[in-house]
Every structure is written in C-alpha cells, then in structure tokens.
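*Asks:* Listed here are the chains, written in short residue letters.
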Amino acid sequence: MKTITVRIPTPLRAYTHGADEVRAEGATVADAMRALGDAYDGLLAQVLTEDGEPRQFVNIYLGSRNVRALQGMRTPVAEGDVISIVPAVAGGRA
Amino acid sequence: MTAKDRRLAQLRAAIGDVTPREALTLQAQGAVLVDVRETDEIAQGSPPGARRLGRGFLELRIEEAVPDLNQKVVLMCATGIRSLFAAEDLMRLGYTRLFNMAGGFTSWKNEGLPIEIPPRLEATERERYSRHLTMPEVGEAGQLRLRASKVMLLGAGGLGSPAAVYLAAAGVGTLAIIDHDVVDRSNLQRQILHTEERIGTAKVASAKLMIEALNPATKVLPFATRLSSSNAEDLIRGFDVVVDGSDNFPTRYLVNDACVKLGIPNVHGSVYRFEGQATVFWPRYPKTRGPCYRCLYPEPPPPDLAPSCAEAGVLGVLPGVVGLLQAVETLKILLGIGEPLVGRLLCYDALRARFSELELLRNPHCRYCGDETAFPGYVDYEQFCARAA
Chain A
12 MKTITVRIPT PLRAYTHGAD EVRAEGATVA DAMRALGDAY DGLLAQVLTE
62 DGEPRQFVNI YLGSRNVRAL QGMRTPVAEG DVISIVPAVA GGRA
Chain B
337 MTAKDRRLAQ LRAAIGDVTP REALTLQAQG AVLVDVRETD EIAQGSPPGA
387 RRLGRGFLEL RIEEAVPDLN QKVVLMCATG IRSLFAAEDL MRLGYTRLFN
437 MAGGFTSWKN EGLPIEIPPR LEATERERYS RHLTMPEVGE AGQLRLRASK
487 VMLLGAGGLG SPAAVYLAAA GVGTLAIIDH DVVDRSNLQR QILHTEERIG
537 TAKVASAKLM IEALNPATKV LPFATRLSSS NAEDLIRGFD VVVDGSDNFP
587 TRYLVNDACV KLGIPNVHGS VYRFEGQATV FWPRYPKTRG PCYRCLYPEP
637 PPPDLAPSCA EAGVLGVLPG VVGLLQAVET LKILLGIGEP LVGRLLCYDA
687 LRARFSELEL LRNPHCRYCG DETAFPGYVD YEQFCARAA
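Those protein sequences? They're chains A and B, same order as listed.
Numbering-wise, this note's numbering comes out as the position in the first sequence, counting from 1, plus 11.
Numbering-wise, this note's numbering comes out as the position in the second sequence, counting from 1, plus 336.
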C-alpha cells in the first residue's frame with residue numbers, strides 16, 4: 012500500500028469538510044479513488060461513472076500527467092505521488 | 337580623388353554591384369534585401385519585403401534579421417553609396433555573400449519596380465510604447481503588428497477587465513467585447529473596467545469608456561449580446577485571438593467550437609474562489625497541434641453535478657492574476673514570440689501561493705478537432721446557472 016496525496020478541487024471540498032488535500036492509500040489510481048470514496052461520502056459519484064471511469068467533465072492527473080495517457084485508472088502509484096481531480100469550471104466573471 | 341572616392345572605388349571592386357531589377361530577382365530567389373535608409377526616407381516608400389534596418393543600428397540588428405552569415409544579402413540606400421559602406425560593415429561582421437544595389441531606391445523607383453509605403457509609428461506612439469520598442473522581441477515591427485491586431489474578448493467581467501485594460505495599454509489596435517450584462521455594484525470588487533458611477537449601464541459601453549480613456553488609439557467594438565449557436569461564428573470570424581473570460585458552460589463550448597472551426601487560438605481562463613486556471617486551446621498551432629476544450633471535457637456537466645451557483649465566489653484579485661496570464665499569452669501569440677501555453681494547464685492556488693502545470697492531451701478522436709472529422713455543428717447547451725453569484 013502506498014500513501015498518496017489527492018488534491019481536491021474547490022467545487023468538491025464540501026465533501027472533504029473543506030480540505031484541499033487529503034491522504035489516500037492504494038496500489039493504483041483506482042484503489043486510491045476507492046479509498047477516497049470510502050472516507051468521504053458522496054464524493055466519488057461526482058468524479059467517476061458507475062464503471063469507475065472519470066466522468067466526461069472530469070480529468071484525473073497523476074503528477075502532471077493525465078491518467079488517460081498512462082494506464083488509466085489501473086495506473087500504479089508510488090509513495091508520495093499526487094493525484095489531482097480537475098473538473099470543468101465555467102467561472103470567469105463569477 | 338577624395339579619400340571617400342578612393343575608398344568607394346576599393347569597395348566597388350570588393351563588393352558586387354547589382355541593378356535594381358537584379359536585386360528584385362535575387363530577393364525572389366531568397367536573398368534578403370536590406371534597406372539602410374533613415375526612417376523618414378523609408379516613409380516615402382521602400383521595396384516590398386525589404387528589411388528596413390537604418391544604417392545607424394545596422395550592425396546591432398542585422399543578425400536578428402539575417403542569422404546566417406552565408407545568406408545572400410543585397411544592400412540598398414537612396415543612391416547606392418551609403419549601402420556600399422554598409423556592405424563593408426557587414427563584410428567585417430562576417431557576411432560572405434553581399435551585393436550592393438547600384439543607383440539605390442532612386443533607380444528602383446525610376447524603373448517602375450514595386451514600392452510599398454511601410455506603416456510606421458507616430459511620434460506619440462514611439463513615446464507611449466518606448467519600453468516595448470527597446471526590446472527586440474517587440475520592436476517597431478512587433479508594435480505595428482499589435483496595432484494591426486484584432487482581439488475578441490468574451491466577457492467584460494473579472495477576467496475580461498484586466499485583459500482588456502492591459503491589451504489596450506500594450507497597443508492592440510482593435511478590441512471587440514461581447515457581454516450582454518449591465519454593471520452591478522457587486523461587480524466592482526474585481527471588474528476593474530467599471531466604476532461606481534456606471535452602475536446600471538451596459539458593461540460593453542462602460543468598457544469602451546475606460547479603454548478609450550486609457551488608449552484613444554484602440555478601437556473598441558462593443559457587442560451587447562449573448563453568444564449563441566446562430567451568431568458565434570459570425571462574431572468571432574476575422575479575429576486573431578479570442579480571450580475566453582466567460583462564466584458559463586454554454587458560452588465556453590460555443591467559443592471553443594467556433595475557434596476550432598475558424599482556426600483561431602482560444603486563450604482560456606477560469607477562476608473559482610481562490611483557484612485559477614489558464615491555457616491556450618489551439619489545435620492549429622503551427623508548431624505542435626494542441627488540444628481543444630472538448631479534448632479535455634467532451635461535454636459540459638449535467639445541471640445536477642455542476643457546482644451550485646450559490647456556492648460560487650471569488651477573491652477579487654484572483655481574476656486579475658488569471659486575466660493577466662491570458663493577456664500575456666495573447667500578446668505572445670500576436671507577436672509570435674515564446675512558447676504559448678498550448679497543451680498545458682497552468683493552475684494557480686492563491687491560498688498556498690502555488691503554481692502548477694498539468695499536461696493537456698489532444699484527443700485524436702475528438703468530435704470537433706479530431707483527425708478527419710466533419711464539423712458537427714454548434715450546440716446551445718442549457719443555461720443552468722443564468723447568473724453566477
């Protein structure tokens with residue numbers, strides 16, 4: 012099991028009690044996301060489809076790379092890695 | 337024989353003369369024609385495509401114009417005398433294939449060869465842009481380019497305000513602004529185009545007042561309308577760069593789709609509370625094909641999963657940071673300098689004071705910018721958050 016950091020985008024921080032970064036454990040990106048879902052109720056449904064893939068308006072990054080360019084959700088993680096959840100944000104004038 | 341004449345005779349022997357017509361042929365074959373006359377002489381006309389490097393700065397600027405010392409260079413002045421001395425200078429610098437145009441511009445004109453009146457900066461412009469003009473990356477050519485540029489701003493709000501102010505200050509000639517909204521007191525915490533006394537007036541009208549007060553030479557085209565599938569392409573066509581500072585998904589997708597179709601770079605920015613992002617969507621960027629917004633997010637989120645509007649909010653200065661990143665990218669694209677933010681998402685976390693960069697992937701199967709896809713048409717997505725907080 013590797014401990015990694017997950018960066019939570021502002022729109023989803025309501026699910027993490029305001030935390031902008033949380034820890035998760037797992038061997039792959041999918042594992043870590045599952046662990047995140049167990050710890051924070053309701054968060055996962057915002058990010059992943061029922062098949063466990065990123066939703067169309069969400070990208071998941073491992074470090075600076077989109078997991079789509081790696082091995083998708085099965086991409087292995089290393090101790091200390093950073094996963095970023097990056098949803099589409101419309102705001103500009105807001 | 338004077339010393340000058342003796343020297344000229346020696347130089348003529350060393351540097352080959354060409355007639356204006358031969359110079360034109362050489363230029364067509366790839367030689368660089370360098371006009372070394374003074375600015376006020378060049379203002380009366382100069383051969384099209386000539387590099388205008390006044391004699392005074394010739395040695396300092398030639399290597400930028402002609403980096404290859406073995407490139408063929410034809411020098412010209414008014415009569416063919418000054419250019420001969422200039423050729424000698426270039427020979428000393430190490431240029432190996434130099435020609436002098438006999439008879440200079442006078443003969444060129446008499447032979448009826450093509451002439452253009454090069455655009456030039458007025459004295460007040462030289463003063464206003466002096467800090468640009470001293471940098472070779474901008475210089476007079478770059479400043480003239482900015483003056484001839486047309487930028488379309490989507491939104492005269494948090495992002496559009498700082499972008500518009502700095503682009504006008506930088507000398508962009510034409511700024512079009514699309515915004516259907518009116519100025520509200522709650523805008524003034526961040527939307528620096530507007531003022532207390534203009535509350536209730538159209539944002540585009542307010543923007544025009546501000547921009548024209550700052551730089552009367554900037555032409556402002558106000559469009560107090562909302563972007564839709566029926567007007568997006570007509571509004572955006574003909575612009576060099578589009579700056580997307582809109583606040584809703586329907587507009588973002590229309591901007592993206594129109595820019596993809598028309599091949600216009602889309603300088604994108606977004607902000608949310610203490611976080612901001614900027615990138616350049618430009619699938620037709622000549623150096624590396626970049627992604628479009630739909631490569632990243634093929635469809636907007638459904639209303640039930642979009643962040644609630646009541647939760648929105650933003651630190652007033654944050655769109656200032658992001659809007660200015662957009663302005664910087666816009667100027668770089670217009671000037672053709674540096675590495676644009678293509679294929680990279682620059683993220684700014686104000687609370688942690690941290691910038692980070694994420695790689696953006698082009699999707700070769702993207703429905704809008706993918707290989708061999710026919711344009712699928714514009715979509716009016718449901719406006720599920722008509723007014724952001």
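Each hint should be verified, as a subset may be incorrect.
Said to hold, decoys possible - Partial selection, computed: residues in chain A whose CB lies under 10 Å from chain B:
1. T21
2. P22
3. H28
4. R66
5. F68
6. V69
7. A80
8. A89
9. V93
10. S95
11. V100
Don't read these hints as lab results, they were simulated from the structure.
Every residue, glycine too, gets a C-beta built ideally from N, C-alpha and C.
*Asks:* Return the status of the interface hint for V93(A): holds when the least beta-carbon distance to chain B is below 10 Å, violated otherwise.
*Replies:* At 9 Å from the nearest chain B Cβ, V93(A) passes the 10 Å test, so the hint holds.
*Asks:* For the restraint on F68(A), tell me whether the closest CB of chain B is nearer than 10 Å.
*Replies:* 4 Å, holds
*Asks:* Does the closest beta carbon of chain B sit nearer than 10 Å to the beta carbon of H28(A)?
*Replies:* Violated: closest Cβ of chain B sits about 15 Å from H28(A), beyond 10 Å.
*Asks:* Hey, does the R66(A) contact hint survive, CB to chain B under 10 Å?
*Replies:* At about 7 Å, which falls below the 10 Å cut-off, the nearest Cβ of chain B leaves the hint on R66(A) intact, so it holds.
*Asks:* Holds or violated: is the Cβ of V69(A) closer than 10 Å to a Cβ in chain B?
*Replies:* OK, holds: V69(A) within 10 Å of chain B, min 8 Å.
*Asks:* Hey, does the A89(A) contact hint survive, CB to chain B under 10 Å?
*Replies:* 18 Å, violated
*Asks:* Minimum Cβ distance from T21(A) to chain B below 10 Å?
*Replies:* Result: holds, 5 Å to nearest chain B Cβ.
*Asks:* Are S95(A) and chain B close enough, Cβ to Cβ, to be under 10 Å, as the hint says?
*Replies:* 7 Å, holds
*Asks:* Per the CB criterion, is P22(A) less than 10 Å away from chain B?
*Replies:* Holds, because the Cβ-Cβ distance from P22(A) to chain B comes to roughly 4 Å (cut-off 10 Å).
*Asks:* Close enough to count: is the Cβ of A80(A) nearer than 10 Å to one in chain B?
*Replies:* This hint holds: A80(A) lies near chain B, its Cβ roughly 6 Å from the closest one there, short of 10 Å.
*Asks:* Per the CB criterion, is V100(A) less than 10 Å away from chain B?
*Replies:* Given a least distance of 5 Å, the restraint on V100(A) holds.
Checked against the numbered hints given earlier, this structure breaks hints 3, 8; the rest are met.
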